[in-house]
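The working numbering puts the first residue of the sequence shown at -12, with every later residue one more than the last.
Please keep in mind that the hints were generated in silico from the structure rather than gathered at the bench. The beta-carbon is built from N, C-alpha and C at its ideal position, and this holds for glycine as well. There could be a bad hint or two in this list.
Derived lysine-lysine pairs resembling DSSO-like cross-links, with alpha carbons at most 30 angstroms apart [unchecked claim]:
no.: 1; residue 1: K220; residue 2: K174
no.: 2; residue 1: K172; residue 2: K220
no.: 3; residue 1: K220; residue 2: K272
no.: 4; residue 1: K199; residue 2: K172
no.: 5; residue 1: K87; residue 2: K199
no.: 6; residue 1: K174; residue 2: K205
Each pair of labels, with its calculated beta carbon distance range [to be verified]:
no.: 7; residue 1: Q164; residue 2: A266; range: 23 to 29 angstroms
no.: 8; residue 1: A266; residue 2: N101; range: 42 to 48 angstroms
no.: 9; residue 1: E209; residue 2: E278; range: 25 to 31 angstroms
no.: 10; residue 1: A268; residue 2: S60; range: 36 to 42 angstroms
no.: 11; residue 1: G195; residue 2: V107; range: 17 to 23 angstroms
no.: 12; residue 1: V95; residue 2: A235; range: 34 to 40 angstroms
no.: 13; residue 1: E28; residue 2: S111; range: 42 to 48 angstroms
no.: 14; residue 1: F255; residue 2: N91; range: 52 to 58 angstroms
no.: 15; residue 1: N97; residue 2: Q164; range: 45 to 51 angstroms
no.: 16; residue 1: T241; residue 2: L154; range: 29 to 35 angstroms
no.: 17; residue 1: K42; residue 2: F94; range: 47 to 53 angstroms
no.: 18; residue 1: Q234; residue 2: F255; range: 16 to 22 angstroms
no.: 19; residue 1: L154; residue 2: D274; range: 15 to 21 angstroms
no.: 20; residue 1: E204; residue 2: E93; range: 32 to 38 angstroms
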Amino acid sequence: MLRLSALNPLTRSAPTAQVATALLRFNSTMNAPAYTMIKTEVQGRVAVITLDRPKALNALCSELFYEINDALSRYDNDTNVGAVVLTGSERAFAAGADIKEMKNAEFVNNYKTNFLGHWVEQISKMRKPIIAAVNGYALGGGCELAMMCDIIYAGEKAVFGQPEINLGTIPGAGGTQRLTHAVGKSKAMEMILTGSVNLDAQEAMAYGLVSKVFPPEKLLEETIKTAAKIASKGAVSVQMAKEAVNQAYELGLTSGLHFERRLFQATFATKDQKEGMAAFAEKRKPDFVHE
């Protein structure tokens, strides 16, 4: 336990590294905004964001995304955080968008305000990896939010779907694009055009939408374990690897290979590359400094 005297500049002339880190975390906590629709916590080098609209099954709305974006921005710039886990409740990751918020919207205003644009703004430019831990329903915007993340883990009772066609509209936050990349054209068309074909957790894993499936009560724990493993690696190389993989969806093979090679070459300017290869040669565990 950290003693208060350790935080008192009148009682210590120079803080140790442990105390300095604790002080940074203390200040970060004190300055953290009071969210109303999400909960946040940091476990080691892993930040956990939990959607918290239980009465609405975590239905997605503008205010919720402003809070998610704010938290992600803070964690992306926090050197003590190496990875983020995004989750909901055991009943629902997010059961869809808040229809009450959008049912009276008009095209001109949607266009002028770039409606839904801010839903993907921060998460799309997030440098650090995000893992979605999906229990229960991930429908419509909930499915899209999960697909915005870098890795998806699912509980055994998770359900993924894009039912927007039943409301006279279409997916608007990446469903037609990311789902097609993940499960292929035929299955994506079937899910989106019928609005009634959903994937359970095992089907989602078989199609490649989900990486692993766990019992619901173990999902968050296992997701945090993976996030902690990622966060223990050199932060610069992790971010470069994420950037390179994402470019595989944007570039042709020749351009993608060139992009990958340039980032690979760039890792040799980092301290972690020198430490990682030295540790391998010396048969010891590397001590990454994230530089």
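Consistency of the hints with the structure:
1. K220 / K174: The hint is violated at about 36 angstroms.
2. K172 / K220: violated, 35 angstroms
3. K220 / K272: holds, 11 angstroms
4. K199 / K172: Since the Cα atoms of K199 and K172 sit roughly 22 angstroms apart, the hinted pair holds (cutoff 30 angstroms).
5. K87 / K199: Violated, at roughly 34 angstroms.
6. K174 / K205: holds, 29 angstroms
7. Q164 / A266: 23 to 29 angstroms: 40 angstroms Cβ-Cβ, so the 23 to 29 angstroms window is violated.
8. A266 / N101: 42 to 48 angstroms: 47 angstroms Cβ-Cβ, so the 42 to 48 angstroms window holds.
9. E209 / E278: 25 to 31 angstroms: With a Cβ separation near 30 angstroms, E209 and E278 satisfy 25 to 31 angstroms, so the hint holds.
10. A268 / S60: 36 to 42 angstroms: holds, 39 angstroms
11. G195 / V107: 17 to 23 angstroms: holds, 21 angstroms
12. V95 / A235: 34 to 40 angstroms: holds, 37 angstroms
13. E28 / S111: 42 to 48 angstroms: For S111 against E28, whose Cβ atoms are near 24 angstroms apart, the range 42 to 48 angstroms is violated.
14. F255 / N91: 52 to 58 angstroms: holds, 56 angstroms
15. N97 / Q164: 45 to 51 angstroms: Given range 45 to 51 angstroms: violated, Cβ gap about 19 angstroms.
16. T241 / L154: 29 to 35 angstroms: Given a distance of about 42 angstroms, which is not inside 29 to 35 angstroms, the answer is violated.
17. K42 / F94: 47 to 53 angstroms: At roughly 30 angstroms between Cβ atoms, F94 and K42 fall outside 47 to 53 angstroms, so the hint is violated.
18. Q234 / F255: 16 to 22 angstroms: Holds, at about 20 angstroms.
19. L154 / D274: 15 to 21 angstroms: violated, 53 angstroms
20. E204 / E93: 32 to 38 angstroms: Once the Cβ atoms are compared, 44 angstroms apart, the range 32 to 38 angstroms for E93 and E204 is violated.
Against the hints set out earlier in the document, violations occur for numbers 1, 2, 5, 7, 13, 15, 16, 17, 19, 20.
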